[in-house]
Amino acid sequence: MSTQGMILAGCDGDRTWRLQDYLARGGYSALKKIVAERIPQDTIIAELKASVLRGRGGAGFPTGLKWSFMPRSFPGDKYLACNSDEGEPGTFKDRDILRYNPHSVIEGMAIAAYAMGAARGYNYIHGEIFEIYQRFEEALEEARAAKLIGQNILGSDFSFELFAHHGYGAYICGEETALLESIEGKKGQPRFKPPFPASYGLYGKPTTINNTETFASVPFIMNMGGESFLNLGKPNNGGMKLFSVSGHVNRPGNYEIPLGTPFAELLEMAGGVRGGRKLKAVIPGGSSAPVLPADIMMGCTMDYDSISKAGSMLGSGAVIVMDETTCMVKALERLSYFYFEESCGQCTPCREGTGWLYRVVHRIEHGLGRQDDLDLLNSVTGNIMGRTICALGDAASMPVQSFVKHFGDEFMYHIENKKCLVSPEAQYAGSNIYVSPSC
Amino acid sequence: MLEIEIDGKQVSVQDGSTVMDAANQAGVYIPHFCYHKKLSIAANCRMCLVQVEKAPKPLPACATPVTAGMKVWTHSEAAVKAQKGVMEFLLINHPLDCPICDQGGECQLQDLAVGYGGAASRYQEEKRVVFNKNLGPLVSTDMTRCINCTRCVRFTAEIAGEMELGQAFRGEHAEIMPFIEKTVDSELSGNIIDLCPVGALTSKPFRFSARTWEMSRRRSVSPHDSLGANLIVQTKHDVVKRVLPLENEEVNECWLSDKDRFSYEGLESEERLTTPMIKQDGEWKAVDWQSALEFTANGLLDVSREHGPAAIGALGSPHATVEELYLLQKLVRGLGSGNVDFRLRQADFRADANPTGAPWLGMKIAEVGELNRLLVVGSFLRKDNPLLAQRVRQAAKRGLHVSVVGPTADEWLLPVRHRALVAPSALVGTLGQIVVALAAAKGVAIDERLAGALPTEVSAEARAIAGSLDSGRKVAVWLGNLAAQDQRAAELRLLANEIARLTDGTVGVIGEAANSVGGYLAGALPSADGLNARRMIEEPRKAYVLLGAEPDLDFADPAATVAALGGARLVVALSAFTSASLREVADVLLPVAPFAETSGTFVNTEGRAQSFVAVARPLGETRPAWKVLRVLGNLLQLSGFDYSDSEAVRADALPAEPAAYLSNRVEGVALSAAQDLPVGVLERVADVPIHFADPLARRADALRRTRDAAAPQARISPATLAALGLAGGERVRLVQGSAGAELTVVADERLAEGCVRVAAAHPDSATLGALSGAISVERI
Amino acid sequence: MLSQESLQQIDREIAKYPPDQKQSAVMAALRIAQVEKGWLANETIEFVAAYLDMPAIAVYEIASFYNMYDLEPVGRHKITVCTNLPCALSGGVHAAEYLKEKLGIGFNETTPDGKFTLKEGECMGACGDAPVLLHNNHRMCSWMTREKIDQLLAELDGK
Ligand SMILES: Cc1cc2nc3c(=O)[nH]c(=O)nc-3n(C[C@H](O)[C@H](O)[C@H](O)COP(=O)(O)O)c2cc1C
Ligand code: SF4
Ligand code: FES
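Protein chains in written order, with the working numbering: chain A, 1 to 439; chain B, 1 to 780; chain C, 1 to 159.
If you are wondering where the hints come from, they were derived from the structure by calculation, not from laboratory data.
Here the structure is a predicted model, which is why all the values come from computation and not from measurement.
Beta carbons: idealized from backbone N, C-alpha and C, even for Gly.
The reader is advised that the hints may include incorrect statements.
To be verified - Partial pick of chain B residues on the chain A-facing surface, computed with a CB cut under 7 Å: (1) Asn44; (2) Lys57; (3) Ala63; (4) Phe89; (5) Ile92; (6) Glu125; (7) Val129.
Could you put together the complete structure from these sequences and hints?
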């Protein structure tokens with residue numbers, strides 16, 4: 001299947017996910033070397049810092065730095081958690097990593113455990129991908145049988161137990177402390193920080209959480225060296241990254257490309273805008289990232305800094321492409337509904353505010369908008385952002401603010417004319433779906 | 001210590017404090033809902049957002065740790081903007097109908113909304129509606145008002161010890177609820193009413209009966225268990241409408257047990273005695289006070305003249321005040337009798353021979369939190385003293401190891417590390433084993449007075465308990481109500497002292513009633529030649545003066561008590577209530593005021609004397625008992641009855657330094673040889689159900705509808721049940737000598753073998769005899 | 001209450017966590033119970049609670065928090081369609097409309113014969129395969145065109 005890229009390079013769909021295939025691709029050589037040569041923990045972390053690998057889960061936090069926060073001399077249990085709860089709309093890369101190359105994640109976690117002195121880890125897998133969870137369990141069995149995880153790995157005195165934990169339908173569990181609560185057998189309600197997981201994590205013990213892709217990158221960095229990894233991308237944006245391209249393109253799918261690749265190239269890889277239509281807008285980093293109009297987006301390269309300069313976020317690397325047939329009000333209505341549905345209900349601004357936002361957008365979409373609704377939306381999002389326990393409040397607010405900012409005219413058209421700016425026929429022609437009785 | 005600045009004020013606070021702690025210390029008020037000093041930090045309401053120097057976002061004061069040099073503004077423009085934003089969110093789905101809400105006038109949301117709410121609502125969508133839940137007879141719900149602060153949820157899990165409420169569903173659909181169809185049954189449940197900052201959880205008995213501003217508030221003291229919880233009693237037109245906790249960190253903290261909180265309903269009971277009554281030719285007649293008192297005085301004088309003063313006995317309730325008990329004993333002694341007692345459920349009086357002082361907790365209540373090893377002997381701790389149990393529960397979270405010896409293994413909702421589940425007759429033996437194991441472990445000699453009579457074999461449980469105590473730094477051994485009422489109570493106390501000596505710990509007697517200590521200090525005890533409570537029943541008197549006690553419910557042997565009183569020539573009952581048993585045995589009923597209508601003093605288990613005044617006028621013709629006793633004294637022409645107020649009585653009754661009169665030592669008591677009950681003989685285990693322990697509580701309507709008020713059954717361990725050839729659910733007749741009762745048997749795995757557990761103090765079991773000792777079970 | 005096989009599966013899940021953290025297996029236990037029973041009745045929740053030494057309300061909190069647990073009976077085949085934005089852009093809503101039409105039911109409804117229940121889902125992390133739907137929580141079906149929906153329904157109808 002994928003020949004280019006790094007994590008997915010050499011993988012042939014469902015046919016080559018097993019241990020033997022991974023070994024044939026040179027898998028586990030990094031772990032073997034580290035264990036055999038007893039490479040010091042600091043060396044591994046230094047290599048990671050040099051690679052400037054930034055967390056692939058959304059926030060882009062430098063992974064080497066995060067690992068260095070773990071109290072390495074702490075005498076008790078320490079934990080690792082892999083965040084495979086991929087639920088951010090538009091993101092579907094971790095599923096493919098687990099599906100086609102699960103051992104890269106296992107090896108990455110084992111190296112991380114070695115580097116931070118963690119004896120146990122859990123991979124938290126998104127509820128809706130049960131088949132992937134089962135596959136990962138199988139991969140774990142293979143690795144355990146080959147003494148690549150478990151007690152006395154490869155005959156050394158390094159031990160690391162790794163298990164899979166299956167979610168069951170809650171986007172919020174992607175937030176790292178909600179994920180820990182969920183593993184602890186509770187509702188996935190995020191914790192207030194501080195204390196941070198590095199000091200008070202799973203079962204109250206120091207814990208490091210990384211995204212699936214982050215862990216999967218680790219063996220490659222160890223093999224090629226931090227410097228080379230960094231050079232794959234561009235300064236401050238090390239390595240390659242998986243981009244999940246969805247929406248109005250001819251070939252939706254995952255594309256693993258160097259950070260810094262122009263957006264135009266990525267769009268071309270994905271077959272260009274469907275039906276040769278005009279690009280209208282792109283959400284470049286998963287549904288929580290601010291939407292960017294086509295002209296701004298076409299000027300970006302796909303890396304943390306460029307997208308951030310353009311006023312959005314690279315986030316999880318989920319690129320949602322919308323062409324000219326898209327009604328932006330309807331698009332925002334659906335996203336707002338998502339955050340309203342997925343708020344954990346814990347803190348006031350998010351519990352009450354997400355419903356408010358959704359209802360106002362819903363009203364506008366259904367021809368009941370009021371003149372001051374856009375001001376209201378801006379003010380309500382302002383009261384949510386930065387006032388909640390976790391970033392879901394921000395995630396719910398940023399789409400609203402950015403849609404209103406860039407496509408305010410379309411919203412006003414809705415409010416004043418009680419109908420879509422994009423005609424229903426055009427919408428129908430574009431996606432087959434954007435027709436509802438009210439519009 | 002860290003130096004920080006709040007609103008320009010310098011404060012120096014402990015490391016690990018939060019901004020909220022620091023603000024409290026500096027006297028700065030930060031608005032909040034979810035934060036509560038006794039609960040874990042949830043930081044979910046976001047009302048406490050404040051501005052912190054260098055922080056890009058407002059931070060929740062309740063959850064943000066202070067750092068050195070931090071600068072905080074709680075009322076700056078940025079802070080107030082954040083707080084107002086949160087307030088708007090809280091109100092969008094909250095009904096704005098305060099005038100019809102029971103919390104109106106005492107609602108934190110209402111109060112804060114005045115300062116932080118906007119004038120008009122910008123939210124014009126439909127408001128959320130949440131269905132109400134049935135939480136039981138005490139707590140009423142109006143769940144649409146809930147702001148999801150989760151205080152109530154955290155209370156049940158953290159303070160009451162069992163998660164009975166949860167927040168189900170998520171997002172805007174989040175709802176506070178018990179598990180489907182379950183109620184909240186904790187004996188501390190009423191506290192969630194206080195904790196709820198809005199009108200979502202309110203008092204069911206109080207519901208809509210008064211507005212907070214219409215009521216007057218007075219301080220009082222709970223007349224129930226030995227903790228002496230401090231109360232605020234709210235009245236309207238001389239009727240008690242509601243009881244709330246008066247915060248006292250050293251006693252009840254900010255909590256009340258449901259009994260403390262809801263027993264006031266008993267004040268309005270139909271059984272209230274409101275006028276003096278005399279029985280003439282078997283008929284009860286209402287009379288005026290003068291006649292009743294003259295009848296009483298003459299009756300007592302007649303008996304004294306004809307049979308000698310020793311034919312008179314006085315039995316006072318341990319729930320009576322110091323002043324009442326003091327005057328009671330003064331009256332009988334004035335008549336020349338030494339027969340007076342208030343320890344009505346006690347069976348073993350051997351320790352009286354060499355009195356050392358009043359048995360007490362042996363420590364301050366607040367010091368319970370410092371214990372790290374505790375042995376509780378013969379106690380129904382959680383139901384006998386809910387707030388003391390709560391202290392132990394919190395201490396257990398901080399590393400206190402609790403061990404238990406006793407015939408029952410009731411759920412205390414706290415971790416019990418080691419337990420010896422033994423029949424009452426084996427209590428002494430088991431403590432003896434612990435002494436032996438401890439002495440062996442320490443390599444120390446056992447007190448020679450005990451050495452000869454101790455067991456030679458030590459059970460695994462006793463050894464484990466000894467091991468636990470031995471590893472302690474701050475150790476206590478507590479004797480519960482069952483131990484205090486045991487037939488060998490003095491020996492148990494002797495052994496507890498030895499365990500304490502070997503572990504450098506303290507001995508505590510928990511005490512069953514509000515004045516278990518105060519009765520001792522007031523001298524309501526038999527004279528050297530007088531009879532104690534037990535002997536006054538075993539050797540019936542010609543005349544009895546009863547104070548606040550019911551013959552079939554408040555005594556160690558109800559059947560014998562009813563018989564003894566029934567055979568007397570004169571029974572004078574000073575009581576707030578009538579009852580069938582009182583009407584049967586008494587000749588005069590004198591209506592005396594319950595705690596809310598009189599002034600007085602209780603001395604709690606830590607020796608703290610707490611006085612209170614009347615919060616309402618006495619009902620009908622009722623009079624404070626101390627005044628009735630004073631007038632009786634005058635009528636009888638006894639000297640020393642010229643008190644003008646209850647403080648004057650107190651001054652005579654209580655020593656200036658009660659602490660000097662507290663002691664759990666026992667002198668002159670020897671261990672009796674181990675005597676196992678004959679094979680096949682069952683032993684009675686009797687608890688006093690929490691809401692039946694005293695005449696007031698047992699008449700409180702809502703309390704009687706709680707799960708804790710379920711009718712007694714005959715509980716028997718499965719093995720014993722099988723040996724008896726009985727099955728759970730069968731009706732049986734329980735027999736103790738000539739006394740008996742019919743009940744249903746239930747298999748109870750949490751009961752020692754060879755025992756039958758039948759609660760006392762309940763009408764269904766009131767015809768039975770002694771609370772302990774042999775009992776037999778017959779199939780009907 | 002639960003079959004031996006289910007209990008064995010739950011025990012395997014419990015073994016994944018530290019010995020004093022049995023509660024961690026609650027999500028898996030509820031999933032396993034739901035697979036056996038079809039949905040989570042109160043008795044089932046209470047059974048799981050007792051099995052894991054948890055308060056029943058704590059288990060109910062979990063069962064009501066996570067979307068994929070069913071607190072009410074569902075048809076033999078529960079079909080959850082993702083209609084979130086990325087999927088919607090590629091026919092997700094259309095697929096849902098087609099299912100409604102074919103089954104004659106709306107979201108959160110069950111066909112009168114008790115065979116099918118239709119649910120609206122949130123992002124399943126498979127947006128590139130849109131339209132996607134989930135059969136009985138555990139089987140993901142991708143690129144669900146009308147023809148493939150017809151095929152799927154025909155296959156399930158026989159079961
Ligand atoms: C609402 C919310 C949802 C999130 N969802 C995910 C997710 O699905 N996957 C993920 O890896 N990180 C997610 N994150 C980010 C995680 O909290 C965390 O930052 C990340 O797992 C850290 O890993 P990384 O440093 O390797 O990126 C989410 C954060 C928030 C606030
Ligand atoms: S019922 Fe009251 S105490 Fe409980 S969460 Fe709601 S507002 Fe808070
Ligand atoms: S009081 Fe601080 S968040 Fe509620």
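Hints versus structure:
1. Taking 7 Å as the C-beta cut-off, the interface hint given for B:Asn44 holds, the closest approach to chain A being about 5 Å.
2. A distance limit of 7 Å between C-beta atoms decides the matter here; for B:Lys57 the minimum to chain A is near 4 Å, and the interface restraint holds.
3. Annotation: interface hint on B:Ala63 holds; nearest CB of chain A at approximately 5 Å, less than 7 Å.
4. About 4 Å separates the beta-carbon of B:Phe89 from the nearest beta-carbon of chain A, less than 7 Å, and the hint is met.
5. A distance limit of 7 Å between C-beta atoms decides the matter here; for B:Ile92 the minimum to chain A is near 6 Å, and the interface restraint holds.
6. Proximity of B:Glu125 to chain A holds as hinted, the smallest CB-CB distance being about 4 Å (cut-off 7 Å).
7. About 13 Å separates the beta-carbon of B:Val129 from the nearest beta-carbon of chain A, more than 7 Å, and the hint is not met.
When the structure is compared with the earlier hints, a violation turns up for hint 7 alone.
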